[in-house]
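2 protein chains.
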Amino acid sequence: MALLACTGTVRAEDGYALWMRYAPLEPALAADYHTRLAEVVAPDQTPIQHAAREELERGLTGLTGSAPRMHVAPAINPSLVIGTPQSSTLIAPLRQELDALGDEGYLLRQTRIDGRDVLLVAAPRDIGVLYGVFHLLRLLQTGASLDALEVRESPRMRLRVLNHWDNLDGYVERGYAGRSLWDWQTLPEWRNPRYTDYARANASVGINGTVLNNVNANAQSLAPDYLAKAATLADTFRPYGIRVYLSVRFSAPIELGGLKTADPRDPEVQRWWQHKADEIYARIPDFGGFLVKANSEGQPGPQDYGRSHAEGANLLADALAPHGGVVMWRAFVYAHDVPADRATQAYTEFAGLDGAFRPNVILQVKNGPIDFQPREPFHPLFGAMPRTPLVMEVQITKEYLGFATHLVYLGPLYEEVLQSHTRGQSATVAQALTGMAGVANIGMDRTWSGSHFDPANWYAFGRLAWNPQQSVRAIAADWAAMTFSPDPAVVQPIVGMMMGSREAAVNYMTPLGLHHLMARGHHYGPGPWVDGGPRADWTSVYYHRADRDGIGFDRTARGSYAVGQYAPDVAARYGDLARVPEPLLLWFHHVPWEHRMASGRSLWDELVGRYSQGVRQVQDMQATWASLGGRVDPQRHAQVTAFLRIQLREAQWWRDASVAYFQSVSGRPLPAGESAPPHPLGWYERLQFPSAPGDGR
Amino acid sequence: MALLACTGTVRAEDGYALWMRYAPLEPALAADYHTRLAEVVAPDQTPIQHAAREELERGLTGLTGSAPRMHVAPAINPSLVIGTPQSSTLIAPLRQELDALGDEGYLLRQTRIDGRDVLLVAAPRDIGVLYGVFHLLRLLQTGASLDALEVRESPRMRLRVLNHWDNLDGYVERGYAGRSLWDWQTLPEWRNPRYTDYARANASVGINGTVLNNVNANAQSLAPDYLAKAATLADTFRPYGIRVYLSVRFSAPIELGGLKTADPRDPEVQRWWQHKADEIYARIPDFGGFLVKANSEGQPGPQDYGRSHAEGANLLADALAPHGGVVMWRAFVYAHDVPADRATQAYTEFAGLDGAFRPNVILQVKNGPIDFQPREPFHPLFGAMPRTPLVMEVQITKEYLGFATHLVYLGPLYEEVLQSHTRGQSATVAQALTGMAGVANIGMDRTWSGSHFDPANWYAFGRLAWNPQQSVRAIAADWAAMTFSPDPAVVQPIVGMMMGSREAAVNYMTPLGLHHLMARGHHYGPGPWVDGGPRADWTSVYYHRADRDGIGFDRTARGSYAVGQYAPDVAARYGDLARVPEPLLLWFHHVPWEHRMASGRSLWDELVGRYSQGVRQVQDMQATWASLGGRVDPQRHAQVTAFLRIQLREAQWWRDASVAYFQSVSGRPLPAGESAPPHPLGWYERLQFPSAPGDGR
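Residue numbers (my numbering), protein chains in the order written: chain A, 1 to 697; chain B, 1 to 697.
I should point out that these hints are in silico values taken from the structure, not numbers from a laboratory. Worth double-checking, as some hints may not be accurate.
The calculated SDA-like cross-link candidates involving lysine to any residue, where the alpha carbons are at most 25 Å apart (straight line), are [as the list claims (entries may be wrong)]:
id, chain 1, residue 1, chain 2, residue 2
1, B, K260, B, E297
2, B, K260, A, E97
3, A, K260, B, R686
4, A, K260, A, R271
5, B, K260, A, P690
6, B, K260, B, D278
7, B, K260, A, E279
8, B, K260, B, N216
9, B, K260, A, G115
10, A, K260, B, E685
11, A, K260, B, N216
12, A, K260, A, D286
13, A, K260, A, Q303
14, B, K260, A, G682
Build out the structure end to end from the sequences listed, making use of the hints.
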């Protein structure tokens with residue numbers, strides 16, 4: 001391919017290189033960087049050191065157009081020195097200062113050695129050096145100045161983990177980017193080079209763990225042949241600081257071990273998990289631990305034996321503790337036989353268990369109390385379990401946000417939750433977290449994530465897990481510059497599209513605090529009319545509660561009192577119709593159609609207006625993208641253009657179907673200037689999509 | 001990527017370019033070709049002309065390292081002229097000679113015009129010119145001499161069609177190369193450039209049709225939204241001479257049309273199909289037609305209404321006839337409630353219908369009477385239906401030949417059937433055919449076919465469908481030269497591996513005429529012990545009939561008399577234990593274990609010996625491949641090496657499990673020098689592979 005490329009048959013950009021394209025910079029800048037960084041001193045003793053060295057050489061060569069001279073020992077006139085106090089004599093003097101940065105931290109510093117300018121990438125440990133190299137390459141890709149460079153970085157969260165909902169047959173639940181990256185059939189013999197590129201991309205944003213298999217777990221993934229396959233992946237990821245975790249099925253002792261029970265109190269069950277843990281660590285010495293979905297949506301769990309979630313989690317935690325592994329126990333539970341508001345059930349189940357878990361149990365809580373909706377308030381468990389380490393689970397894949405064909409940058413959604421105040425003006429959700437778990441949007445699609453913009457959500461997840469205080473606009477700008485071009489005439493319009501895109505989706509799907517209005521099962525397209533079926537809390541009418549008089553779920557003291565699960569000041573604000581933020585209005589309140597909104601319009605007019613506004617916002621994105629015609633390579637420009645056409649068609653569909661349905665309930669006329677849906681409600685209700693992607697199996 | 005490639009970050013060869021890499025030739029040859037072909041005259045008026053012109057420019061530039069000068073009108077000193085009598089004044093004089101080549105034929109000729117050497121690529125129609133351009137590029141890629149070049153080509157078969165067993169959700173039944181190429185979710189808006197590369201690859205070997213969806217068809221594929229998607233694919237393929245076909249579900253009038261019946265005699269049903277055909281041709285004017293699997297393995301069909309296959313096929317044929325479309329009706333039928341030998345049922349069902357079909361019905365018959373086994377005799381219907389056009393269906397995907405991880409070149413399998421004599425010494429299967437249908441091995445895997453060698457089977461299928469008389473060794477040599485390197489030191493060893501690979505698989509899976517011994521359902525690995533279940537003819541014991549005294553299926557007059565379905569001379573040879581070819585021995589005869597084989601060994605010793613020989617043959621392939629270390633690029637060499645490791649592990653597994661099982665039946669000692677299976681039979685029987693790829697859904 002290289003040869004082809006150099007002999008005229010230039011391959012179009014297909015997105016595979018992600019934000020690590022290392023495309024040539026404009027000549028003056030390239031020349032300047034090359035002069036400053038011509039002589040590189042980089043150790044090459046360990047796999048991580050080798051990875052850092054290779055990445056640096058690849059990046060500098062691509063960006064500046066000429067390869068740096070690479071040395072392992074201090075050369076004459078070094079200009080860039082990377083390493084740790086152990087691996088580099090030039091960095092050894094910084095030991096004390098570096099130790100303060102912690103195991104994963106690093107330092108970038110422009111300094112002088114023997115009267116010459118030298119750039120240092122220094123860290124207490126090899127992995128920090130690799131992170132520092134990626135940071136430096138980001139600075140170069142975005143055309144930053146290296147003068148007087150002084151950067152000190154340490155991650156704010158310990159666990160920065162991807163969750164792959166990948167089944168062993170290659171199918172990805174809620175995946176919209178092709179089949180699973182993990183080709184279990186050819187493992188362990190074949191290590192697809194793509195596994196290494198996956199690890200590079202993760203390391204470049206500081207992701208340090210990956211759960212390989214679906215939380216709806218198959219016990220087989222703990223069988224010896226699959227552990228051998230997982231071990232090969234772990235070996236491939238290790239040089240990039242990424243630990244492997246597995247989702248486990250709580251009843252595995254029965255299905256795999258042939259035991260009669262999986263009761264946490266059964267000594268045989270305890271022994272089985274201990275031996276399984278020993279077996280895993282014999283193959284994967286740095287295995288991260290288990291992720292568990294128990295007694296949730298039909299999965300087995302400790303409650304099958306009358307035991308608590310704490311007893312179930314502690315069973316696994318005790319097996320992993322001797323090896324340093326952790327249990328990430330999901331709080332996503334709700335029972336259809338419980339009449340209580342689904343939004344309240346996780347809190348009811350877990351809040352009382354604070355302090356009952358082993359130290360190596362981490363509770364994994366979704367960002368909001370329902371399920372990855374376009375907008376939800378933060379989950380009430382954040383800030384409510386001071387004695388339990390918490391991981392926030394967010395979706396990177398867009399199950400409820402238009403799949404891969406809708407351009408929706410999730411940075412603002414993540415930021416909104418991370419910066420929410422759990423009480424008073426100080427405590428935020430971010431402060432309550434030990435880590436973040438992102439449900440991956442990665443598959444075998446050439447773009448990795450199913451479109452050219454979805455990798456931005458993978459990227460932003462990693463950057464925010466490293467430091468939730470970062471501006472998601474700045475993160476978007478970095479990503480756009482590295483992915484498309486550092487030219488401000490490209491970056492600014494793209495960042496504009498990205499920053500407005502999530503609110504656009506909220507508007508054309510579920511404005512003003514509405515939620516869970518999608519079609520049943522595959523969740524593709526609108527379904528505000530969805531009713532009946534196996535359980536009420538899987539319908540739309542359960543959530544919007546629209547009738548002739550008004551709409552919204554009353555979660556105040558007069559209703560389900562879900563607000564009562566928040567700290568008093570938060571509960572008071574959310575529970576007060578006069579003070580609740582309009583974006584959450586219908587999440588917490590059942591409101592009359594004629595209710596006056598801040599705009600002065602009635603709720604009904606505002607609702608219809610928001611749906612139409614969402615459609616216009618997509619049209620604006622189209623116009624912006626069209627204006628970038630000459631500045632973005634043709635193949636990627638064409639694909640994004642096509643996907644925006646799909647997004648506009650589906651945004652219009654969401655708007656028309658939703659307006660048609662809610663009008664059939666409210667019986668109110670459309671506001672002036674609003675066009676009537678082109679089809680009667682029944683037409684929208686009859687649409688069927690039996691082959692929509694990502695549906696559960 | 002091009003930029004990266006040219007600035008040092010060279011991408012490894014990943015197989016995407018298939019046999020169209022157009023990698024630089026060795027300098028002297030490149031220079032010679034460039035001088036001879038520097039001035040190209042190629043029309044650019046039609047989409048097909050544009051495709052031919054582009055391919056020529058891409059190929060010449062890549063192979064010679066410098067771009068040719070492209071002209072649309074006769075230039076001064078033309079050196080390469082392509083076109084038709086209509087599109088080129090220089091070719092117009094050849095009109096009469098060209099017309100004799102037929103619609104798809106072409107001529108390559110080195111000639112002199114105005115005292116100068118000129119190479120002509122001439123054809124009666126644009127598509128022939130495109131085929132001719134690919135032929136010329138093949139000559140250049142393989143380093144052929146252009147002196148006195150004179151090539152006249154016309155396809156021997158009219159229909160050269162791929163069958164994709166792709167479901168609308170992207171899952172490929174019996175697919176081992178990732179998900180479906182067709183991303184129905186993003187069609188019709190997004191035309192993946194890969195669709196065009198798919199069309200280029202097909203056109204390069206003369207494939208002129210593609211059935212987009214699984215023969216186990218979903219009626220949805222005939223719904224308006226899916227027809228719009230299919231039309232976009234048809235538009236993309238049209239410039240490459242490829243027509244789109246669809247598999248249809250016989251009961252679609254009920255599921256899609258809301259009718260109460262799909263009875264061929266019902267006027268409403270007839271009208272429904274007529275209107276559906278009109279609707280399709282309004283969108284796809286050159287739509288090819290329908291492929292139908294009816295009353296087979298649970299699919300609906302005319303027999304549900306007491307009508308014959310002919311009535312069912314004619315119903316659809318009448319709807320398509322006004323538009324010039326055809327019906328490809330599959331003869332793959334067998335009923336579990338019929339006690340007769342499954343191998344005899346298709347013949348019994350269809351032979352009597354010869355002459356009962358409309359002229360635009362083509363009967364699609366699998367190569368053998370069972371189901372794509374490593375070796376089968378030719379299907380008795382070939383040569384038995386003189387008044388019915390026949391298409392031979394072969395599998396390119398390797399459902400029964402080790403999936404994508406076993407290196408098995410299918411050319412010899414195809415050739416063996418095509419050259420089989422249906423009667424006497426003249427008539428061959430090839431002569432009985434109007435076309436060939438290949439069950440595609442294509443998916444989103446970067447290699448297209450799941451490995452670096454499986455594209456050879458796609459390639460060989462196309463070449464043989466164009467001309468079944470071609471040597472499959474020569475075809476393998478062309479493919480290897482274009483895919484890896486024209487260096488004989490690379491081509492010869494690779495061709496050696498390929499030519500022996502199919503017999504190796506027969507040996508370690510089903511030697512001496514054994515068949516259908518694979519594991520149940522997913523067909524992954526050995527299952528000679530498979531018994532019971534829903535139907536006898538889905539078990540292994542039904543086919544091998546091994547007992548204490550002997551083994552094999554007696555299909556002579558004393559048995560099922562399947563031999564009686566062949567012409568008398570063929571029946572006599574197959575039915576005679578003394579004359580039946582040993583490779584088919586146990587297909588036609590139940591033979592005592594002590595039966596003397598040509599080798600002088602007993603059948604039992606021979607059987608065990610063949611299993612072990614198959615394993616040794618894989619070891620030989622490994623040695624050959626290892627010797628190519630320096631001559632093949634590292635990435636592809638590493639992947640093939642890994643896959644051969646998998647193949648050896650699984651060949652050993654087949655050998656050990658089969659020997660263990662048959663020994664448990666025969667009770668005989670292993671021949672001297674044969675090692676005992678490392679595990680007891682029960683161990684092999686207990687192996688489970690719930691997530692094996694490609695299983696039906």
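Worksheet item: Going through the earlier hints one by one, which of them does the structure break, listed in rising order?
Response: Failing hints, ascending: 2, 7, 9, 11 and 12.
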